[in-house]
Structures are given as C-alpha cells and as structure tokens.
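Trainee: The listed protein sequences derive, respectively, from chains A and B.
Quick note: to get the numbering used here, add 1 to the position in the first sequence (first position is 1).
Quick note: to get the numbering used here, add 1 to the position in the second sequence (first position is 1).
Mixed in with the good hints there might be a few duds.
The list treats identical chains as one, so a pair stands whether inside a single copy or across any two.
Claimed, not checked - BS3-like, lysine-lysine: derived pairs with alpha carbons at most 30 Å apart:
| # | residue 1 | residue 2 |
| --- | --- | --- |
| 1 | K67 | K84 |
| 2 | K559 | K683 |
| 3 | K433 | K514 |
| 4 | K549 | K686 |
| 5 | K653 | K192 |
| 6 | K8 | K133 |
| 7 | K653 | K549 |
| 8 | K54 | K192 |
| 9 | K424 | K609 |
| 10 | K359 | K268 |
| 11 | K683 | K549 |
| 12 | K559 | K686 |
| 13 | K609 | K686 |
| 14 | K549 | K656 |
| 15 | K549 | K631 |
| 16 | K359 | K433 |
Bear in mind the hints are in silico, worked out from the structure with no lab data behind them.
2 protein chains.
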Amino acid sequence: MESNDLKRNVEDAWLQYHRHIDEDTKNVYASYFTHISVFVSEEIRETIENEMKIFASESMGISGSKFSSDDIKNSHLIIGERKLLDTVVSESLKMQDKEIGFEIVHLKSDRKIIISGKTPSDIIYGTFFLIKAVIKGVLPEEIQGIHIAKNGLRMIQHWDNLDGTVERGYAGRSIFFENNVILQDNQKIKKYARLLSSIGINAISINNVNVHEQETKLITKEYSEDVIRLTEIFRRYGIKVFLSINFSSPILIGGLATADPLNMDVKNWWIGKANEIYHIIPDFGGFVIKADSEWNPGPYTYNRTQAEGANTIAEALLPHGGILMWRCFVYNNQQDWRDRTVDRARSAFDSFIDLDGKFLENVILQIKNGPVDFQVREPVSPLLGGLKNTNMNLEFQITQEYTGQQIDLCYLPTMWKEVLDFKMDGKDSHSKVSSIISLAGKRKFGGGIVGISNIGRSEHWTGHPLAQANLYVFGELSYDPEINLESATNEWIILTFGNRREVISTLHDILLKSHSVYEKYVAPMGVGWMVTPGTHYGPNVDGYEYSKWGTYHYADNKGIGVDRTTLTGTGYINQYSQYWRETYENLSTCPDNLLLFFHHVPYQHMLKNGKTLIQEIYDSHFLGAEQVTKMIRDWNKIREFIDSETYEEVLKRMKSQLANALEWRDVINTYFFRKTGIYDEKGRKIFP
Amino acid sequence: MESNDLKRNVEDAWLQYHRHIDEDTKNVYASYFTHISVFVSEEIRETIENEMKIFASESMGISGSKFSSDDIKNSHLIIGERKLLDTVVSESLKMQDKEIGFEIVHLKSDRKIIISGKTPSDIIYGTFFLIKAVIKGVLPEEIQGIHIAKNGLRMIQHWDNLDGTVERGYAGRSIFFENNVILQDNQKIKKYARLLSSIGINAISINNVNVHEQETKLITKEYSEDVIRLTEIFRRYGIKVFLSINFSSPILIGGLATADPLNMDVKNWWIGKANEIYHIIPDFGGFVIKADSEWNPGPYTYNRTQAEGANTIAEALLPHGGILMWRCFVYNNQQDWRDRTVDRARSAFDSFIDLDGKFLENVILQIKNGPVDFQVREPVSPLLGGLKNTNMNLEFQITQEYTGQQIDLCYLPTMWKEVLDFKMDGKDSHSKVSSIISLAGKRKFGGGIVGISNIGRSEHWTGHPLAQANLYVFGELSYDPEINLESATNEWIILTFGNRREVISTLHDILLKSHSVYEKYVAPMGVGWMVTPGTHYGPNVDGYEYSKWGTYHYADNKGIGVDRTTLTGTGYINQYSQYWRETYENLSTCPDNLLLFFHHVPYQHMLKNGKTLIQEIYDSHFLGAEQVTKMIRDWNKIREFIDSETYEEVLKRMKSQLANALEWRDVINTYFFRKTGIYDEKGRKIFP
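Okay, chain A solo, but in the shape it has when bound:
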C-alpha cells in the first residue's frame, strides 16, 4: 500500500487535495477557511463553494467551513466579483477598472483575505490561485497582489470528431463524442472544466476545425440540446463554448445552392443561424473556422477574399457579441516539389497581410506560432509582426503532433516562451509577440492565446502523465506570458507530485531540457518534416520530400536546407522586419538552430560552435539519444517518491521514447552518411 501523499488520483491531475498540506501552513491558514463569503453570480457560486469545501476538508482537515453570500464581517475569506465587492471593501481594491484579472488582498489586522475578480473565470482562477499558494506554503503576507490577465482570451480548441476520434489526438478517444452523438457523461466534462478553470482557461471549442459532414450539423437542432448541456457545464467554470463550423454550411445544411459570402441568401442564412443559436444559448462564444485549407471550402471557391468570407459570418454574430475565429493556416497543399519558387512558409503572410484592417471588429485571425505547421523548431510567424489593425489569436499546439505524440516527453512551454518573448522588430519590448497579442486583445473583441488540446479519454487525460504539464503551463502562460517559467513548472510538479525536493529538482530538470533533447534527435536545425508521412511519428527523411505538401529539405550529396533568402531564395525572409531580415539573410548572423530553415548550406559549412554542419548533425543525434538514456536514469532515481501507477506509465513511455530516439539517431546519421560519405570524426557507430 502506498502512503496517502504518494497516492495520486490520476483523474484529478494537478488537484490532489487528498494530499494533506503541512502542519505549519495549515495552522497559519486554518482560521481563514472557517467562514467564507462568496459574492458571485449564481452560475459560479456552487463551483467556488464546492472547491473551497473540498480543499478545506480534504487538504486542511477543516470540515465545518461556513459559507455565506453577505456576511463580510464574520468572514475571513471573501471571494467575489469586483463590482459586487466594490461597495463593501472598495478602499482595499486597487485594481484598475479597465484591466481584467484578479486581486488578492490580505488584511492582516482583520485576518481577512479578499479575492476579487472581474469575470467569472478570473474569480475562479483567483480561487485556485489561493489554493495553489496554500499548497505551496506561501504565507498570507506574501500572497497579496494584482494579477492582470494579459490575454482576455485563453482558449483550448479540440480537434475532436463526432465519431469519437481525435485528429492528432494521442490520449485516447474524445471525451465529448462517440458514434456521432454527444456523450452523456457530464461528470467527466465537469472534471475537465474544473481542471481548465484552475489554469485560467475561459474559452473552448469542442470540435475539430476539419468539419466533416456530420460535424457540420453541430449547429442544427439535431445537436442543440446536447450543446446547451455542455455549455451549461462549462459556464459554471467561467468557460465559453465555441463550435468549429463548415464554410459550406449554407449549402450542406441550409439547402442553398451556394456559400458565396456576398450572396444575400447566404448572408441571411448566417444571420438566421446566429439568431437561432443565440436564442437558445445567449452567451454562446462563436465560431472557429478553417477555410480554404487542406480541402476545406472557403471564400476562394467564390473568388472572394478571406475578409469577405469572414465578415459575412462575423456580421451575423456581431449583434449577439459573438466572435469568429478565422484561421490563417491557408496554403496550397497541392504543390509541385519540382517548383522551387513556391514556398509554403510564405503563405499565411501573403494571404492575409493586405487584408489588415479589413475584418469586422469581431473577427479574430488565428495564427500558428510558426509559418509552417508546428514543427519542433520554426521561426516565429512574420504575420504576427505584420498585422497592425487586426484582432489576433496566437495558436500553439499542445497536442504533440510533431513533438513526440505523448510517447516522447517534450515539454513545450520552453518553446512557447521563446515565441512569446520574441521581439518582432528585434529590439523593442513592445514588439514582443506576447505584447502584440496582448495589445491586439485590448480591442473590444480581443483575442489571445489558443492551444490545441492534448487530452482525451485516457486515464491520465493526456496519455503521457507528464504531458499534463504542457496543458497546465499553457494555461498559466496564456493568462500571463510574463510569468517565470521555472516557477510555473515547479508549481505543476508540486501540485502533481508533492513538494519533495528530489522530485522537484529532478522533474524540473527533465521537463525543462526535454524539448531540447527531442530537438536533438529529430530533423536537424529547423529543417523539419523528416517524419513518417501521415502519422508524423518516427523518422522518414525523404517521407515528405517529393510530396504535394510544400515540405522539403532538398538534401543532395553536397548540402541541405531551404534557401528562403531574399537574394537567391524564395524571399520568405522579406516578410520580417528589417532587423530579422538582415539577421536571417546573413549566414554569419542567422541562428544555427534555424540554419536549414533559411539557407541551403554545404555539409562542410562551419557553424558558430566551430563544428561542420555534418559533424553537428552526427553529434546532436548521438547526444540526443544519450540524453534520453539519462532521463530514464533520472526518472528511476525518484521512483520511491512517485505513485507506482504513474511511475510505470511514464517509464513505459520513456522506454518507447528511447527506442524512437535510437531509431532517429541511426536513420538520420545513416541517411547523411550515405549521402555524403563523410565519416563521424569521433568514429562512433554509423550504420552504412
């Protein structure tokens, strides 16, 4: 039998309240939890009271907490909407009215802690903030502070299909759907909503952006009752529900002959549809749409611009306050590999830059972090620096499509943080991606950060238990990209596995290095795409080399890489600001980890670390595989502090990861050895 604090309720992820907090902290906080006042709208009252009740009783051993909604005087913990609290404790609340977020105030003399937030999501997140602080042993004196939500929108988008499958899902089948019906397991959804609300998420879209025949009907009466039901669950956690829609809906479910956005019947159809939806769900979030991409229909079908396509639908949503999220993942997926003038990386920028300012106020353009498609290493999308008068969502992929598929450990926040901290003009911190997104989000309908879900019906939600950290820190980062990543990582570790120093330091090290380890053994230096076509797992160096997907590395016996320079290449570099244009254009200033993304260089090219390109490929691949071995050793070291179920599950996956890393190492090394005939300087085993 495992002890109580070793045991984990895997379904509760990072909310392990059965684990008792230490006596010192308990003594300090106990009195605050005896009487709690909750000043909120009915919708989230139960959520907050329940959470407090469970935490107080399970973690703190206080079973008789009293709750009220008006007894400020006798309460020691006061949680509520800013505007409701204003009248009673206004002098202590300093938060600027314009900002969303939450504030925690500690009135030492009165022994009161006051959590006030602007939106339901803020209040719930503030509540969890307190819980986390108590678990971490933060003292009441240190807890005070204002937490501005830098992004008004923190969203999870699901790629779940009604048949129960999840596109690029590596954590089991959909928790929402099966066999073309919406599942009835409200408890599961509730648990999920709770987890999301605990990390500040305030929006969700539940179905895949590739909207197939059946999913197109999600906005019809066939599914309305169940959509309402889901909306009700998420509403209680401060989360708005969106649906992905099909651009051809007017034809497919409307019976029209066209979906041309300038056609009056089409416009009216969307207006009618929006009215219908908002009639039954007045706080419905809106739509997500992938148009003119990978066989999805869009305005190009009718020779209309992306703006014309978006505005017609947005116009229908506007009177209801609904939002249209329009993905910028528009490109030609029937490219000819022989034609080197076409460059898929250019596509998002080329397709949208001239439309800046032409979208209705409730359209949000959704832009992937890189210009291509969630590779392990890509430069930051230049479109993020290009759009000045457009609402924007920055889209990250939490599900690990190209980053290990939740078999290999790849902690993504390190990569996301690099993107968020990237200065589009190279100098000014106002040009940081996080600032640009946050600033764009200040407009009425805002925008923010979107993550593609990595959860499913698997026991640990995320398949790989440690992949929960990606979801957790995604939430934290999307609320405030300026947080300290190391602290946020530790917070997840402590909440999940307790606060033993060995566990924290070991896992901290494993997680923070894992993206770099993964990067070492896969496609080298930003070139990407050397994966098995279709599945996108495991090495296949030429797998996408002669495809229609615009995904090439051009390796020959002399060199490798894509020339995207302005001078001799595809001119992609020209989409950046002057600073990055110059930096990337020039071989001597272009960062080596993006070298092959921007340049075609000979294998003998000397890198900044003094090695030749070919030797760096060999070295990094040997090293990457070695580091996986070390990771497994490290994981073994903390075995006694991890519940056996989680320990074994992680170990099993790490062993698969090692096999994968060895396969990558050998295939990549052999591929380049065969192509170049150049031997490893260190004489290590490369298979001929």
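Based on the hints, put chain B in the right spot on chain A.
Mentor: Chain B only, in chain A's frame:
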C-alpha cells in the same frame, strides 16, 4: 447511338454474345447448334444448356435449338462427361484416361461435334472453348483437338474481408461481403462464376488470408447457410469453394486454451470442425491458411514446425478429401534495417526446404512466384526448385498491388510466362517451373496455379477495363502454361472488343509492352520497394528503406543494390541450383534486369548494353514516361472502334498513369542525381 457490335455489356466482360458473328461462320456452324445433347450431371446441365442457348440465339441468331440428354443420333453437338460418352461414341475419343482436360472431336461425315471432358470444369471450359472458336471464326475442321489441363487446380483466391473491404483490392468493394454479412446478390455471384468457368478456373477461396476476428467465424454456424448458398452457385460452374482460416480458431471459436497442433484437444477440435463442414457441404474444397506471417498466428507460437502445424489440420480434412493450402509467405516482419545479415528473400526457402516430404498428402504448399512479395521484377522463387516431394501451388498476384493498382496498365501474363518458362536447373525443360508445378499436381491431391483476385464491385469488374485481360489470361495460362501468349492475348481482345484488325494489333501492342513500360519507370533493375509505404502506389525511394519489413536498397553516394551473393552477401543465391548460383553470383552473367536484386554495384558500373548503371536509370525513366505518352496516343487511334464508356474509362486511367509515370521519372531521377551529383549524359531535365 453506338452500333450493336461497338456496344459492350461491361458486366459480361469477354462474353459479348450480343455481338453477332459473321455470316460465313454462322453458315458453317448453324446446323450444329440446332440440336444439342448434353450428357452431364444435373449440377452443370443447366449451366451448359443455358450458355449454348444464349450463344445460339444471341450471337448466331438461332432461336429454336433443341436440347436433349440422350438423342445422340439426331444431335450435331454433343457435350458431356467422358465416362458417360464412352459407351456411345467411344471409338472417337482418344483422350488418355489419366489426364484431365477435354477433347473436341469433329465427325465431318456425321456433321457432329463432340466435346467431352473429365470433370465438370473441363466440360464447361470445353463448351466455352467451342464458343470462343466460333467467335474467332475457326472452322469445324480446325477445331478438333485434345486439351490437357496441365494443372488440376486453377484457383482464384480472394482477399475479401467480411466488412466489405478488399485487401489490395482496386476494383471496388467485395462482391461477397458487406458489413459482416455475406451478400444476397446471387445474380452477381453467378455472373462471376460464369466468367471464371469460361477461363477454366475450378477453385475459389472467398475470404482474405489475413483472417480477422469476424472472418474466423466463417467456419461456424453463423455463416454456414450463406456459405452453402455460395457453394451451390459455384458448383453449377464446376468451381470448388475454399475458405481461409485462422490458425488460432481452436482458441477463438473453439474455446480451447491453446491452438498447439500437437495438443489432442486441438486435433480433435479440427476433426470435429471438418466433420461439421463436410456434413453440410460434402464437396467443400478445404482451407487456405497464412500462418506465422505478418502477425498471423501459426505453429511457431508453440515451437512446432510448419509441417506439424499443417498436418494437424490436414489430417482432419483428409477423410473428406479436403485440401489444406499452406502459404510459404513466412518471414520476420520485425527486421532491423541495421542488421545486414538477415535477408527476407531467404525466408521461404529457409523455412520450408527441410520439411520437404514431411507434409500429409493433402497439404499443398503455396509459393509466391518470387522470393519477396510480388514486386515488378523478382527472380523466380528458389523454393520452386527446392521442393521435390511436396504438393505445390504457384501463387501469382492478379490484383496489381505493386504493379499499378489498376490505375496504371500493367499486363501481367508476360511476367507470369517468364516465371512459368524459367528452368530451375537452367537447362532441362523438365525443370521448367510450369513442369514442376504440373508434375507436383499429378499427385493425388495435386496442386496448381493460384491467382489473387483483381475483381470487385466496380462496373468493369476489375476497375481498369483492360485489367480484365490479366484475369482472362491468368485462367488460360493456369489451364495450360504452354499456350501461345500472343494468341491468348488476341483472343481476349477479340472476345472483348471484336475482331477489327486495328483494334487487335493496337491493343496487342499496348498490352504486351505494358509490363515493360511500367517496369521502366518504377524501381530500377529488380531492386523493388521504392513505393509509398502502406498504399504501395507512387514513388517513395526511401519509404521502406529504414523499415522493419526487410525491404532495402542500400543506396549511398557510391552505389546501390542488395548483395545477395554467396561470397560477400547474404548467401541467398546459394538457394538456387548450380547453374543459377553461378549465373547470379557473377556480375558479368547476372541479368541486368535483376542486377540490383543480387548485387550492390557502383553507379559507374558498366551494364551489358554499354551504359553505366546511373545512365541506364535515367534513360529507362525518361523512356518509360515517353512510352506511356505513346500508349495514350495509340489508344486514341482506335477510339472509333471502342464503346465510349470503356474508351473514356481507359483514357481517364491512362492519364492518371501518365501523371504517375512522370512523378516516378522525376522522383527517381532527382533522387539519384541528388545522391550522386552525376548529370544525365543527354542533358535532359532532371530537377535538382
């Protein structure tokens, strides 16, 4: 409106009776068709009478043919079983009693034609032989002859699954199955049985050799009624029905804990199962089994030999005269590409050679034509020369898995004929593959030639209308491998499209060259496997290079090919007779079209045609694509003589074939150019 003789009833394939035969032939034959006596068992009487009736009325315009079963005197066409006819016209029948087949006798003075055959299939095939002869305009004087069935067994094996899919099927879904039930469309099956009987086929297995969970139940009560129904249809066309079975049936449907072939419960279970089946289908053919291959269970699971596994099941069938066909496609599909000592090509021989003579008399080992897996060019399987005391089926793949998937035209009989004519000892015609198979087939339970079906629910049965020729000539070749291929090809053309000279000569040319054209633009010189993994269509040079499937070409910047020599390679060559060992081992005698199958050679290696290997690769790929263009031109030339539906369908596919050929040409050429840096001598366009 198309004229009557241009029109084609596509579902009747090569049996286009609506097309009238010419007046001269009609006049010569008319009298023979007025009164017909049919001396056969009840089962096939209707089949033969119907066929004669339709042909006489539709093609010959004779509507009042009289049929009897005993009026020899007044009949001019007498069709029947040899033993029944013996008593009445014995002096005219010269066929040796021991041989199966049919004889046609023309008694000029009596104006009688007598067709006598040994088995139901022979009699029906003889009947069709007469019909074909009349259509071709052969005179009664020239029709006389003995047709020995060189192979007692001429079989079509289906890879159809109960869910309606067809593994490696390129002609639509299964005609037998859908949604886990056996379809009720008896008319469709009857039409199919008729087509098969017209080309001498006398056995069929209806389900995939990969026997999944549901298909395992085909030998249970759940499906018995429908299996009986199918058996009844095929029986009327002289065709025996077999089922593919799962080696683990004793566990999966028998409820036993093991399928160990030496376990007494297992043995008894198979005996009981056989009794059960033969009780309801006394002439049931038997089983086909793929054991210990690609995840299928087999005797290796229990540390038993393939012979021990086979004999247990065969023993159960033996009292009923049932046959067990045991595939030799046994190999390790979890190979490590790094390990060059393992060679998949060795596997069939290594697995079975020591078991020669150890199988029960009703076991037939089923051997693919090549040692690997139906590539466009493989040497002949050495196992065919190795087994001396074992029944054998030679397995061809009519469905075009690696040979164009019925999009690209690839007439396979030219390749099959090379295999059949191949002398295993290099000299003696007794060592010809066809003779070996035929000789082995002389044993009590025989053996013969098996083809994997290329038909499905598609309108033209075979997807590509011209792919019907593969099925047709497969049947003819399996009946007698010594037939003249050119004549058989012409026969199919005439039956299918009529006897216009332009059509015959053009199609003859297109068909007979098509395998060579296809071979030119795909993987070079016997190396194989440069296809898209999974689908097996289109080029992917390294697609299987680092896989677990044992499918490698080892191309580096200096050379390419698999060293299978005895001296420095895997020793596969050692499985051949001395003549081929010496021929293949030596670079100067090894045929160039198999060069890379047997040797790893430098790109500068000089071929027998005076070109370097690399130049030959370039040349053949440019030429292959050119020849497809010419093929389309040729097809266009005979447009006016082809019904428009077939014309357009073929043209559509030829255009796809051209796109495929261009893709192959460019990918292969670029791949090798990138790897070698060697330019095309003729300066043609190779993309960098």
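Trainee: Each hint needs a verdict: does it hold in this structure or not?
Mentor: Each hint, compared with the structure:
no.	hint	result
1	K67 x K84	within (23 Å within a copy, 103 Å between copies)
2	K559 x K683	both (21 Å within a copy, 23 Å between copies)
3	K433 x K514	within (24 Å within a copy, 64 Å between copies)
4	K549 x K686	between (35 Å within a copy, 20 Å between copies)
5	K653 x K192	within (26 Å within a copy, 54 Å between copies)
6	K8 x K133	within (19 Å within a copy, 80 Å between copies)
7	K653 x K549	between (36 Å within a copy, 21 Å between copies)
8	K54 x K192	within (16 Å within a copy, 74 Å between copies)
9	K424 x K609	within (22 Å within a copy, 63 Å between copies)
10	K359 x K268	within (18 Å within a copy, 78 Å between copies)
11	K683 x K549	between (38 Å within a copy, 28 Å between copies)
12	K559 x K686	both (22 Å within a copy, 20 Å between copies)
13	K609 x K686	within (25 Å within a copy, 37 Å between copies)
14	K549 x K656	between (34 Å within a copy, 18 Å between copies)
15	K549 x K631	between (39 Å within a copy, 27 Å between copies)
16	K359 x K433	within (24 Å within a copy, 77 Å between copies)
Violated hints are absent here; each numbered hint is respected by the structure.
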